[in-house]
Amino acid sequence: MNKPVIEVNHVSKRFRTLVKEPGFKGSLKSLFSPKYKEVSAVEDVSFQLKEGELIGFIGPNGAGKSTTIKMLTGILFPSSGKLNVLGYNPQTERIKLAYKIGVIFGQRQQLWHHLPPIDTFNLFSKIYELEEEAYQKRLNELILLFEIRPYLYTPVRKLSLGERMRCEFVASLLHRPKVLFLDEPTIGMDILAKKSVREFIRKLNQHEKTTVILTSHDLDDIEELCPRVVIINKGKLIYDGTMSRIKNQLKYKVLELYFDKKVQTLPKIQHTKIINQTPFNVKVEIDKTKVPIRKVLDVYLKKFKVVDIVIEDPPIEEIIERFYSK
Amino acid sequence: MSLAKYYEVAKIHILEKISYSWNQVFYGLIIGIVLFVFVHIWQAIYAGKLTIEGFSIAQMIWYLALAEVIVFSAGGQGIERIGEDVKSGIIASSLTKPINFVGKEFAVLLANFIYTFLISGFIAFAVAYFLVGPIPFHFANLPMLLVMIAGAAVLNFTLVIFFGLFAFWFEDVSSIYFIYQKLIFIMGGMLVPIDVYPIWVQGIVKYLPFSFITYMPAKLFVHFEWSAFLTGMIGQLAWILVGAMLLKVIYDKGIKRVNINGG
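So the protein lines, in turn, are chains A and B.
Each residue of the first sequence is one higher than the last, beginning at 886 in our numbering.
Each residue of the second sequence is one higher than the last, beginning at 61 in our numbering.
Treat the hints as calculated values from the structure; they're not laboratory data.
Do not rely on the hints blindly, as some may be mistaken.
Stated by the list, open to error - In silico DSSO-like cross-links for lysine-lysine, where the CA-CA straight-line distance does not exceed 27 Å: (1) Lys313/B <-> Lys981/A; (2) Lys1146/A <-> Lys1168/A; (3) Lys1121/A <-> Lys316/B; (4) Lys985/A <-> Lys1094/A; (5) Lys922/A <-> Lys242/B; (6) Lys1187/A <-> Lys1138/A.
Claimed, not checked - Stretch-level coverage of chain B by chain A, calculated; a stretch enters the list once three of its residues show a Cβ under 8 Å from a Cβ in chain A: (7) 74 to 83; (8) 153 to 166.
Claimed, not checked - To give an idea of the interface, some chain A residues facing chain B are shown, with a C-beta separation under 7 Å as derived from the structure: (9) Ile980; (10) Ala983; (11) Val988; (12) Trp997; (13) Leu1000; (14) Ile1003; (15) Asp1004; (16) Ile1012; (17) Leu1015.
Quantities reported herein were computed from a predicted structural model and do not represent experimental measurements.
For glycine and all other residues, C-beta sits at the position ideal for the given N, C-alpha and C.
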């Protein structure tokens, strides 16, 4: 039970990208004497995962999350270092490994767009070489778990993002993968859809003991689901530990307000900090454990005519920075 | 390795094609219009002559009909589609499945070929029949003709996947598709049979892979000869072998260059 199912040992990945100077002259120049620059996407990353773990893999855009996942699934080749997933070398034994893992990329669809999901499920049952009887049993299980019976026969293009993602999960789970890689599974979803996807991930991890690696830039996803978090920034692993230790950093929210006319002096409210101010708008950071967002909002609404309100999490970069400046 | 999964990939593609059947009928109609124009051009060229390079006008039109249908069904657009998959990273989803990428693309192209061939073939042959009437055809030769068409399809798929995978090195493969298509049009003898070209050009063009894709099956259709069938088959096999080897080299090298955006 407790032997690692995933081992990443000192893995680095460098890409060579073409550097182009601006303008027509630059384009011509790079045509005849191309200049390349080495970009380090992942640098000396090491971690391990035990069976049944559910970890959150976070970091800002371009930090190297997807690159790491793609190396673990065998799509990308590391420049150096060793990977092992379920006893396989993902690069040399990609197809063997593929029978044992499931991968969902939030931004890429594996369901056939113009056909109902059931057609893709049937195809996958053949691709994963499932026995017909076992497949039907598993399919029924998943239909119930993900509540997709109503749209089994509706062309995928007519489904909402949330409905589609549930079908993506079913498609990826037919072969009972031991490890599931979820790359931004909630991207672009509304709150309700996100909530239900999180619920499914939790059920899956608890009932089937599936090991899950979840990347997301939505910290709420991670906060709700993952006891353990790995943070990666600029290709380097900078944190590997419990959620509770960084949770403290998630107590801030950013409130952004837009006014109908120029505003000069702003009220001072305790436990808040103005992080950006222009004549027509202001960004306030609120420590929501000390003062409710609503109270701050009230102060502003009373004093000014507010035309628009946005509430969001501070960017991951800032959370990381704060965590390490302590 | 089980073939069932590749059969299933082909099946689902046909299912998806069926949801676009009107597209196919529409393309078939375009072939019909092209043939109609060709008939008029060739009537002007024949201008009373009974044959040109051994082709009667009826043979010429049936030749063009089959050559067009083969090119239409060949799925040269596959070069662009595979290129796009490589560039956009869609290839990532298929690489995480226990299925061979080249095999999968082969199944997709085959499904597309069979489906398009049946629909556009039906329309094109109906138009040819209506315009110039039937030509003598011995049904005993049908199996050989089908073998030749199958060989043409396989050779073409090999080249399409090969050129599509160039996307691992080039930003955009649509120019490769453009050139490939024109080579088939001209060197493959889709616009005019190769027999019309000067002898020294024929000497070169007949040995290039393109003629084995369109010219050989179409010529065999209107003018069956055992020797032509054998040369055609040997040529197809040789080029398929060469193509498959090149494909293996480019695939093995390319797959290490997968460079997915947004990593």
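Each hint tested on the structure:
no.	hint	in the structure
1	Lys313/B <-> Lys981/A	holds, 20 Å
2	Lys1146/A <-> Lys1168/A	holds, 16 Å
3	Lys1121/A <-> Lys316/B	holds, 23 Å
4	Lys985/A <-> Lys1094/A	holds, 14 Å
5	Lys922/A <-> Lys242/B	violated, 37 Å
6	Lys1187/A <-> Lys1138/A	holds, 21 Å
7	74 to 83	holds (count 4)
8	153 to 166	holds (count 7)
9	Ile980	holds, 5 Å
10	Ala983	holds, 4 Å
11	Val988	holds, 4 Å
12	Trp997	holds, 6 Å
13	Leu1000	holds, 6 Å
14	Ile1003	violated, 11 Å
15	Asp1004	holds, 6 Å
16	Ile1012	holds, 5 Å
17	Leu1015	violated, 11 Å
In the structure shown, a violation is registered for the earlier hints numbered 5, 14 and 17, in ascending order.
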